[in-house]
Structures are given as structure tokens and as C-alpha cells.
Amino acid sequence: MIKNLGLAFKLIIFILTSTTIIFVAAFVYNYHYSKKTLLKNIEENARNLTLSTVYKIETVLRSVEEVPLNQASIIEKYPYQRQDLLKLVQSAVANNPEIFGSTFAFEPYAFNPTLLYFAPYYYRNNEKIILTFLGSDSYRYFYLDWFQIPKEIDSPVWSEPFYDEGAGNIIMSTYSVPFYKKIDGKNKFRGVVTADISLMWLKDIVSSVKIYKTGYAFLISQNGVMVTHPEKQLIMKESIFSIAEARKDSTLRQVGRKMITGEPGFVPLQDFVSGKKSWMYYAPLPSNGWSLGVIFPEEELFADVSRLSKQVLLIGVVGFTFLCIVIAFFSRTITKPLGSLARSTSEIVKGNLDIELPEVRANDEIGKLTRSFKEMKVALKEYIANLAATTAAKERIESELKIARTIQMSFLPKHFPPFPDKVEFEIFASLEPAKEIGGDLYDFFLLDEEHLFFVVGDVSDKGIPAALFMAVTKTLLKGTAEPQLKPSDILKRVNLELCQDNESNMFVTVFCGILNFKSGELLYSNAGHNPPLLVRAGQEPEWLELPKGFFLGVFEESQYDTKKVELRSGDLLLVYTDGVTEALNENKELYSEQRLLETTRTYPDNSPEELVNNVVNAVKSFSKEVSQADDITVLALRFKGIKEDSPYPGFFQYA
Amino acid sequence: MLKFKIFFLFALLLLITIAAQANEKGLKKTTFIPQWVPQSQFAGYFVAQEKGFYRKHGLEVKILRGGPDYPPSALLKEKRADFGTMFLSTGIQKRSQGLPIVNIGQIVQRSSLMLVAKKSSGIYSPRDINGRKVGLWGSEFQVQPKAFFKKHNLHVTIIPQSATLNLFLRNGVDVASAMWYNEYHTIINSGINPTELTTFFLSEYSVNFPEDGIYCLKKTFDHDPALCRDFVKASLEGWEYAFDNPEPALDIVMKYVVDGNIATNRVHQKWMLERMKDIINPSGNTVPLGTLQAGDYNRVVQELKVNRLITAVPSFSDFFIDCVSHD
Chain P
2 MIKNLGLAFK
12 LIIFILTSTT
22 IIFVAAFVYN
32 YHYSKKTLLK
42 NIEENARNLT
52 LSTVYKIETV
62 LRSVEEVPLN
72 QASIIEKYPY
82 QRQDLLKLVQ
92 SAVANNPEIF
102 GSTFAFEPYA
112 FNPTLLYFAP
122 YYYRNNEKII
132 LTFLGSDSYR
142 YFYLDWFQIP
152 KEIDSPVWSE
162 PFYDEGAGNI
172 IMSTYSVPFY
182 KKIDGKNKFR
192 GVVTADISLM
202 WLKDIVSSVK
212 IYKTGYAFLI
222 SQNGVMVTHP
232 EKQLIMKESI
242 FSIAEARKDS
252 TLRQVGRKMI
262 TGEPGFVPLQ
272 DFVSGKKSWM
282 YYAPLPSNGW
292 SLGVIFPEEE
302 LFADVSRLSK
312 QVLLIGVVGF
322 TFLCIVIAFF
332 SRTITKPLGS
342 LARSTSEIVK
352 GNLDIELPEV
362 RANDEIGKLT
372 RSFKEMKVAL
382 KEYIANLAAT
392 TAAKERIESE
402 LKIARTIQMS
412 FLPKHFPPFP
422 DKVEFEIFAS
432 LEPAKEIGGD
442 LYDFFLLDEE
452 HLFFVVGDVS
462 DKGIPAALFM
472 AVTKTLLKGT
482 AEPQLKPSDI
492 LKRVNLELCQ
502 DNESNMFVTV
512 FCGILNFKSG
522 ELLYSNAGHN
532 PPLLVRAGQE
542 PEWLELPKGF
552 FLGVFEESQY
562 DTKKVELRSG
572 DLLLVYTDGV
582 TEALNENKEL
592 YSEQRLLETT
602 RTYPDNSPEE
612 LVNNVVNAVK
622 SFSKEVSQAD
632 DITVLALRFK
642 GIKEDSPYPG
652 FFQYA
Chain H
169 MLKFKIFFLF
179 ALLLLITIAA
189 QANEKGLKKT
199 TFIPQWVPQS
209 QFAGYFVAQE
219 KGFYRKHGLE
229 VKILRGGPDY
239 PPSALLKEKR
249 ADFGTMFLST
259 GIQKRSQGLP
269 IVNIGQIVQR
279 SSLMLVAKKS
289 SGIYSPRDIN
299 GRKVGLWGSE
309 FQVQPKAFFK
319 KHNLHVTIIP
329 QSATLNLFLR
339 NGVDVASAMW
349 YNEYHTIINS
359 GINPTELTTF
369 FLSEYSVNFP
379 EDGIYCLKKT
389 FDHDPALCRD
399 FVKASLEGWE
409 YAFDNPEPAL
419 DIVMKYVVDG
429 NIATNRVHQK
439 WMLERMKDII
449 NPSGNTVPLG
459 TLQAGDYNRV
469 VQELKVNRLI
479 TAVPSFSDFF
489 IDCVSHD
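Those sequence lines, one after another, are chains P and H.
Here the working numbering is used: position 511 in the first sequence is 512, and no number is missing along the way.
Here the working numbering is used: position 60 in the second sequence is 228, and no number is missing along the way.
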């Protein structure tokens, strides 16, 4: 799919994809790293803010704690009267403006065996300090937390925050210190000294904590109850756990549990009022185990990072657009010349070599390519011109050769039977020309009413010279042959003629014979030619015994002999050229004289035409795919003799 | 003529107004004191009031704000209230002590009183409680725990438990009393996970004491049985409405909570209302709402007797008056 797209598109796709991946990776890394760094700084800030607020609160709580602690140690050390206690409590309230009220609350009958309740309580009321005595059937103080808890756990304790209806519905907390008396060597619990404080100042301190735009602080008691919070309806009614339950927020519950166990921490959470993703730093108040949380929304926290990220993203988008344009422009400078080059070359492909290639503007790869194309075009043009000329010449030569071949073949007698009125013999000859022009020849003609001259020859070379040489030889033979001459005389004369001015040193092998078809006498001579096969009627074929004789056209003084053989009725002579015996097959084996003998033996009674065709076919099927290297010439002559009383001259049967 | 007409219309209007006032006055005024501060434990009564079920039954009910300082038995005795809710055991004890009260409607069938301990204090089973400090509320809340201690032969130090669980949360006691519908959830919402607690439902570990029932003086019933029946029926209607419509019921409860300036929250009241349903109409319950079974009565009486908390035993028929089945 992508393979079919343009270069510009591919470049844009690949470069932009890679750039995007790099950019996004860098962006994400940067974003997260910035956030992490920021978060670290913010945690530091939030911790400092939280701890400084905790410190402020602690300072007040500690100073309040001092008062009942001192009072407890005083009455444990010194004997006291009722008035002493009242004075002590009164001065505690009077001297410590942050203390709202204070009491010595005694165990039942501990102060006086007749008194179930004894708890003188001084408290502020409109700038005045008023005394009242706690304890009644409806206010059995020794069953209340501020009394019971320090008693049971034997240590001073801050109470959970509570509403004091009497003091005008303000949230208060009581610090209770147990005091003891040594009785029989044992410390016996006698009661508690308390200091009540209003928590209104706490609200001021906590609500003064501001962080970011909407960040705020809140305080929870040891039970997780909201002591201060910007949302007033949560105060004293909801605990961090009830809020978690209402919001089904298990994370908040987890955080709450950590807060009330006195751990500090910095956690992400959902603001339980706004529902926004937020962060919170929390730290405990060591005195009472309450916990201060400073909470701020993440969007404000990361506002700068987000803004920066948006800007970076914008720069990225602009950059991408710019990059896109640059790539498109740049790739066009590449693809435009490439495109016109492609158009030009496609014209060249069509054969239009005159088309102008685009101008070379730069010496870059495109310029080099264009220049190469130009040179190629010129070279192609020259080459094609040369090729056209060569081809024309070759075609001319080939056509001339073809004509020469036709002429050459036309020399040979081709009409069979050649002498239909002669019944004494049958003759048939065939020349299978090789692809290249060869120099084989055969011929036969009547010398007179009794004599048939026949010849088979093979010029040593191939090609036009061989053809010409063959034509000359054939012409000479035809011109020379006379009834009075013996075959050896004919060869001698032809040799002399051929030897004259034979500068090319070509030669020709020739077998020729003169058959007296009235008597069956065959005179024959040989000039270096292959021995013919003689097939006597009803006998095995045999090689004809040849007289000695060198091939024609080399030595003027060459001597030739004539031999004589009597042919009887039905005898057959098979003459051939070395194109038969030297035909090669795929295995580079020669057809050989042996195979020729076998083939001839297979068809003892065939007519000359059939035998010639059989031999030619046998050679061809032997060679199969191997192309024919030489002309294949076969000539067969059968002597039939004469039967005087036969009504059909030339027809007789052999035994 | 016209003048006459106007006069006639005016007279008619006057008559209607008087009639309406008479109708208002026709409602029987009565007073009810729940045994504790406003919360979902009394959702049925608040709903009956706010949804007009009492008014529908011809009652104009004044619901007093309950609390630890206002035991209904005392208010009934002093005739500061006509009706009040009490635990069955409390009712029997008071009757045995000579207060002539009758149960006219048993609301809670299953005890929700439980003991709770932190696993961190090493308490996993009843015998781990032996020798520990156990926070118990006042007398009527002590019968079942004491039966439990007796049953398991446990010797414990009883610490009077206040209205809060802070003593328990600060480890001032090892075991605390809790109502399943109330304090148990308070503990959970003070940051302790249920898995960190060992709980002993006294209905399972001890004996099941049916809890809240509606009581009045025998004299009140004798004087106006219809009033009592109407009050019980309207209250039961209130409960049924509350169970069927928890959110509107919670809205009503929260109104009483706010008026009573109670430091609590909606999820807590929601939990409580759901648990009230569990104990008023437990799954598989066949007892009609508002009915006390003789078997339950006899079991509670037996326990109280064994624990020597009562001597005289009123008969079941003297103690319980079925206001649901009889018209």
C-alpha cells in the first residue's frame, strides 16, 4: 500500500512519525519529571506550612497543658483546704485567658466522705469568672470522658472536641490531668484537674492557612471528627470516615486511619468537598493526637506545568506544520525533476530519443542522474543508429546468402524419377542442407543411351566460397564428362582445372561413376571420398572397394584410377558424404559407418527413394536436438537390368 | 338583600373556622418519650409524626427529646409522658419493682446489644474477656452481659460506660458495650476496621432479649384503650413507611437530629435505620409487628429471675396488651 504512495508522502509520514514519537516521548518525560520535581517542592512547602501551623497550635496547647499539670502536682505535694482549691482554680482561669474553665473534680467521696460530688468549676462568663459546683443526678461527672479516661489510662489526656451548650454552643476540648494521693504507700486516684479551652482560636489559625488559590487546611480529632473545616456543616458532625463511607471512598478511609495514628504524609486524594483531584499533606498534633491536613487541588498545583505543557504542545503543533511544509517543499524539489525525468525516460522507452531532458540545476544526485540520462540518451541514439545500419547490412547479406543457397540448390537435379523412360535403373538423391551454406554436391545425367554418369562430392570448407567451389566443380564435372572418358580421366581433367588459380586452397572429395545400364558394368573412380555401400541383391551390404585418389583441387599431378564392377539385376549402390557418418548426437558420438551399414541392412528391398529417406531420417533421429553441422547428401542407384520378354520393361522380381 | 348575603357568607366563614378549631381540639393530646436522643432508633415515631400518621389516628403527639437524663420509666411514673419506649427487660424489671406499666407494642424483636473488643488487645473469644475491664451502661443494659459473663464463667471489672466510646477507643477499657445499630458503627467510623474487632452479639452468645417496646401506665390504657391502640398502630405505620422509604425517613430523622443538636451524620443514621429493620423485622420473622411473644417474655423473665434482678413476676397477660390484633 505504502509502496504506491509518492515520495513526498512517504517522507512526511516517516519523518513526522519519527519526530512525533521523539517529541511525545520528550514531552511526556518532561511533563512527568516537571510534575515530580514540582511535587517534591510542593511537598516541602506543604510540610513547612503544615508543621508551622501545627507548631502554632501546639504552642497554645502546651501552654494550656502547663496549668492543670502544675495544679495537679501542687495538690499532690501539699495539703489543701476547700478554699485553697477554689483559689487555685480561680487563679488558673483568671491568669490564663485561653482557659475557659477549670475544675478539680474528685472521685465520689474522695474529697469528703460525705460528698458524692465535689468539683468546683470556675468559668468565664461575660468577662466575669463564675464559680459553680459540678455534679448532680443528671450530671454524674465521674462517668464522663474527661474524668473517666485519664482515670482509666492513668495519664493526662485531651478530650475529644465537644459542644458546650452552657458556654454558648462553642466547641471545646478539655485537658484532664489525673491526680493521686499516697495512701498506705500506694498512689490512689483522687480525681482530675481540668482546663477547658474554646477551640475558636483553632479555627482562626487553621482557616488562615492558604495554599494556592483554593487550598485550605482542616483539623480532625483523634476519632477522625472534623474539628475545623471551611464547610461548617461538617464540623463536629462528620468524621473523615463517615465522609469516606458516604462517598464510598476507601482511599480516604485509609488516609484517615493514617492521620489518626499520628503519621505525617503526603498523598493524592479526591477532595471530599469539591471532589477534585487533590494532594494533601497531613501531620499530627503531638499533644492530643489530632491531625492537621492541608489540601490543595492538583489543577492549581500543576497549573504552571499544564500551561507550559500547553505552550510546548502548541509549539509542537506549529513546528509539525512547519516541518510538514518544509518536507513537502524539499521533497518536491527532488520529486519534480525526478518526475519530469521519469516522464522523459518513458518517452525514451517509447522510442522518442529526441525528447529534451530537464535542465540540470544543481550538481546533486538528481543533477548527476539527469546528466547520466542525457549521456545514456546520446549513447542509445548512436547505438541504435549503428544497430540499424548493421542490421540492414546483415539482412542484406542474409538475403543474398539465401538467394545463393537457392541458386546452389537449384544446380542439383530435383525431379524424380529423372528419367522416367529408363527402366534399367532407378536413382534417387537427397541433400539436406545444413544451416550454414555447405559444399556438398550430387549430380547425375545420361552420357548417351547406355551410360549414366553420377557423382557425389563434398567441398572441404563451408560458406559462400565452398558453394562457389561446389558450383565450379559441378559445372566442370558436367562439362568434362563424356562417354569415351573413364571416370578417372574425368577426375584428372577436373582436378587440373580446379588446381589452376586455386589460391584459396579449397578442395573437394568426389566419388563418380559411369553405369552402363544396358550391361550393368559400373566404372568408378574416387578422389578422397568416403567408400560407398554396395548392396548386392539378396546379400549383405558391403563397402565398395575404392581406387586410390587424392581430393581434387590441390595437386595438379594427382593420379586417379578407374575400377570396374559388374552390377547384376537388383544390385544397389549407396553413395553419401561425411555429413552422414560424422553426424553427432547429444553425447558427441558419431553416427558412424557401422550405423549406416546397419540402417542399410534393415531395408534391403527398398526402392532408392525409400532407402535414401530412411537413411536421412535415421541420421536425423540419431542427432535429435543437435543442430546439423554439415550437409547430408545420400544418393542411391539400383540397377535393374533388362528382361527382353517382359511386357513391362524394367519390371522383374528377384528370387 | 346583598347585605344579608354578605353577612351570611361571613357567618359561614366564621362557622368553618370554628369547626376547624374544634377539629384541632378534637385530636387527643398525648406525650411520647423515646428512651434515647433523637436518632434512627426512633425513626418510626418521627415519621409517624411528620407524615401525619398520628394525626390521621386522631392523636396530637408531643415527642419529648429523650436522653440519658430522661429515663422513660421515670417520666411515665411522674406522668410527664403518656407513652415511652423501653427495653423489654427494663419494662419487666420496672413492673416487678411495682411500676404499673404495660407493654402495648413490642417493636424490636432481636437484641442488638453487643460487646466489642479490639483484636489488638488479644480478645478473640469469650474466655479472653476474663479479668478484663468491660464498659457497661446502666442497669437495663447489664442484664444480658451479666448473663453472658455467668454463662461463660467470666470475672470482669465493670466500668460504667458513658455516652461515648472514647474510653474504649483510648484503651481505657478492653471491652465496650455497643448497640449494633449505633456504637458499633461509631467505632467503625472512628477509624477502626471491622476486621480489627471481635464482636459478641449477645442475642447469639447470651440470650436474645427483645428490646424496644412501647409502654404506658396500666391506668393510661384502662382510661383510653383506643388512644393506646391508635398510638401503637400509627407508630407501626411510621416504621413501615420508614423501611419502605429510607431516604425520606432519613430526611425526617436528620431534621430531629439537627433540632436536637446531635453530633451525628447521615451515613450513621442510615446505618442505624438499616439495622433497625434487621432487628424489628428480622429475615424469617413470623411475629406480627408490635407483638410480644409469650416465649420471648418467659425467657427474659427466667433470665432476670435467675440473675435475681426480679422477684415478683407479672403474668404475660397482665404485662402485654396486644394493640395490633384487637380493635
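Calculated directly from the structure, the hints in this document are not laboratory data.
Check before you lean on any hint, since a few could be wrong.
To be verified - Straight-line Cα separation of at most 20 Å, EDC-like style, residue types lysine to aspartate or glutamate; simulated pairs: (1) Lys233/P / Glu415/H; (2) Lys436/P / Asp449/P; (3) Lys249/P / Glu442/H; (4) Lys238/P / Asp392/H; (5) Lys301/H / Asp155/P; (6) Lys245/H / Asp138/P; (7) Lys224/H / Asp392/H; (8) Lys238/P / Asp419/H.
These figures come from a predicted structure and were not determined experimentally.
Check each numbered hint from earlier against the structure, then list the numbers of those it violates in ascending order. 1, 2 and 4
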